[in-house]
Amino acid sequence: MLNRDLARTGQDFVREAWYLAAWSDELDRTPLGVILLGQSIVLYRRGDASPVALENRCAHRSLPLSLGCVRGELIECAYHGLQFDASGRCVHVPGQSRPPADAAIRSYPAVEQDRCIWIWMGAPQNADTAKITPFPWMAKKGWRQTKLHARIAANYQLIIDNLLDLSHLSFVHSSTVGSPELAESARVKVEPTEDGVVVSRWTLDVPPAPTYAQFGNYDCNIDRWQISRWFVPSTLVIRNGSAKAGSGAQTGDGEQRFEFIVCHGVTPESDKVTNYFWAVTHDFLYDDLPSAEEFHRQSHQVIGEDIAVFKAQQEMLERQPLASVVDIRYDAGPLHARRMIDARLAAQARAPRKEVSNVPA
Amino acid sequence: MFLRNCWYAAGFSDDFGHALTARTFLGEAVVIYRTEKGAPIALEDRCAHRRLPLSMGRLDGDRVECAYHGLVYDHSGACIKIPGQTSVPQGARVRAYPVLDRHTYLWIWMGNPRLADPALIPDFSAIDTAGERTSRIRLHLRCNYLLTVDNLLDLSHLAYVHATTTGSPALAEEAVVKVVRVGDAVLIKRWQRNIDPSPTFQQFGGFKGRVNLWQVSEYRAPCYIRVSYGSCDADVPVHEDDDIWSHGAWGFKVLHGLIPETERTTHQFRTVTIHPSQASAAAIAEFKRQCDLIINEDREVFAIQQEALDADPRGLSAWDLRSTATIGADQGLIQARRLLRQRLDAETALPAAASA
Chain A
1 MLNRDLARTG QDFVREAWYL AAWSDELDRT PLGVILLGQS IVLYRRGDAS
51 PVALENRCAH RSLPLSLGCV RGELIECAYH GLQFDASGRC VHVPGQSRPP
101 ADAAIRSYPA VEQDRCIWIW MGAPQNADTA KITPFPWMAK KGWRQTKLHA
151 RIAANYQLII DNLLDLSHLS FVHSSTVGSP ELAESARVKV EPTEDGVVVS
201 RWTLDVPPAP TYAQFGNYDC NIDRWQISRW FVPSTLVIRN GSAKAGSGAQ
251 TGDGEQRFEF IVCHGVTPES DKVTNYFWAV THDFLYDDLP SAEEFHRQSH
301 QVIGEDIAVF KAQQEMLERQ PLASVVDIRY DAGPLHARRM IDARLAAQAR
351 APRKEVSNVP A
Chain B
1 MFLRNCWYAA GFSDDFGHAL TARTFLGEAV VIYRTEKGAP IALEDRCAHR
51 RLPLSMGRLD GDRVECAYHG LVYDHSGACI KIPGQTSVPQ GARVRAYPVL
101 DRHTYLWIWM GNPRLADPAL IPDFSAIDTA GERTSRIRLH LRCNYLLTVD
151 NLLDLSHLAY VHATTTGSPA LAEEAVVKVV RVGDAVLIKR WQRNIDPSPT
201 FQQFGGFKGR VNLWQVSEYR APCYIRVSYG SCDADVPVHE DDDIWSHGAW
251 GFKVLHGLIP ETERTTHQFR TVTIHPSQAS AAAIAEFKRQ CDLIINEDRE
301 VFAIQQEALD ADPRGLSAWD LRSTATIGAD QGLIQARRLL RQRLDAETAL
351 PAAASA
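Protein chains in written order, with our numbering: chain A, 1 to 361; chain B, 1 to 356.
It is worth saying that the hints were derived from the structure and are not from the lab. Any given hint could be a false lead.
Per label pair, the in silico range of CB-to-CB distance [stated by the list, open to error]: (1) B:N296 / A:E184: 32 to 40 Å; (2) B:Q90 / A:G252: 48 to 56 Å; (3) A:L289 / B:D292: 49 to 57 Å; (4) B:H75 / A:R329: 54 to 62 Å; (5) B:S317 / A:E294: 52 to 60 Å; (6) A:D128 / B:S87: 40 to 48 Å; (7) A:A347 / B:S317: 28 to 36 Å.
Even for Gly, the Cβ is constructed at its ideal location relative to N, Cα and C.
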């Protein structure tokens, strides 16, 4: 039986996964405190700029290490000057010749890829970087990006619901990327994959929505695609595009092709707060900065509209968590994702809970 | 715990137009609007699909369209359209609350709609035509509604909380108080004879010497209250059986429509009508200024009381004040609470289907 509390209050998180913890440019040599899955983590860059993620708590008197500073390869606590290396081992205690043997904190595998800092929240021996969701458009030659990191008072699964049912564009974003036909006449296909789901929506031979008309330069009807690919538990890549109606976009490139790709990291801070990383990437308008900026402005308007929805939903769900809800046809994709997360969590709960092994002995 | 099968004042009628307005009543999210013809509609303020408040959506004629996926609801709360599919699943509806306009207020029934008899709306007709001498005040109070009820049923507090306006020590020290049960109402009549007028009465009544004052509070469950404040020269005899709603030489009346927002917050809609002798705009403005002062003094008391209750380690609520020290002046409100308790007990004794 599916959990009917859409806000998943009190629910655990999938731990065996890479989570987007910060945009690369949010992290420098100053320690950065972040909270992932309820765990307080300090991020910093060591000498070669590679990221380090440690438990954000000095082993001595629990001051957050994010209040401290980086010294070469080490992070130094702001209280009594204890220094920890990237494995979490305390290597220096001022005024004594040797740190206590048990002075160590947990370290988390951390990787920088595609201008994102990723943290593995599960058992470190399973941290396979091949499992990181590729966002190649974040650093691709000839591509522009606009991005956002917003801390949102809403459960992360409400955001995933939104991204796997793009019929909402017709209502939430009608002044930019939405047009009525996206909800009324889209052909929707839901294809489960091994690590997620792909929801493909094709809306054929329809007038372009305002943003599409403006930047696609259409004076004709279009065929429009919205392909959302979700990777369990919390990353998505969405391809949004259009071509001249009937020009073969479903099988080839089509004519007057216009496309942008949106990368999403939907990282739970707690069951009620999410750090949402969103980046729109595109290669059209590369040489037309004023137009690109207007396109970015419209994109940010869209994400602002969504965030208002998430907050309002969460508030309503917290008031009456168990009041019944109805599902509609377009919920097939979102419900698949919810079932998959629930299944992962059930398996995780059944598995023997091992002691966290990445604290240096 | 709230009485549900009763009409509450949701606001003044003209607070609501052909637009979606979000409110919380009795802890429930409600969206209110008027149809194109002006009929009031109140629906549960959350889409049956993914819980977005419908108040974020838009009106399409007399129908409400959800802002998220465009589900459309009619005025009965039934979902009549889901974009992209031909049928509407069973259970796709939101609750509709009976609402109607009367005596310049919009009234809402939060209980079983089948029991919503318009004849049960309290008689606030006195305010329908009072014109410029009437002012209407909308308040959001940071307290349980019972604390406000208590306040209005024990006006001895005027002597202390409102000492610079309507109060003077004699209102507490020299009052003769009579509590009478009349049908479904509790009347609390207070007289002070041959006293010095309190500042507001001195100013507007133009008295030369000592006066008789009276305050009468009428309570009906759960929270309909009207209060009459009157005065006359001390040598004019007043008797406790006299017309209790008369202003005498000078006075004013207040009708209070209350509706709990949550256990800790309350909406209050009051209509104040002042004695006909006050015709000048300047006098009315000065009287309104004093009303605002009085209201703010009460609000502060309410908020502090509620904070004290919330902070009490025993977890007290406004109901528990019954068991705290009572003073003689509490007789009226004790009877009022007894009346309310009887109504609540009767309602919880109803079969679930009838009280849902």
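These are the hints, each one checked on the structure:
no., hint, in the structure
1, B:N296 / A:E184: 32 to 40 Å, "53 Å, violated"
2, B:Q90 / A:G252: 48 to 56 Å, "44 Å, violated"
3, A:L289 / B:D292: 49 to 57 Å, "55 Å, holds"
4, B:H75 / A:R329: 54 to 62 Å, "25 Å, violated"
5, B:S317 / A:E294: 52 to 60 Å, "55 Å, holds"
6, A:D128 / B:S87: 40 to 48 Å, "45 Å, holds"
7, A:A347 / B:S317: 28 to 36 Å, "44 Å, violated"
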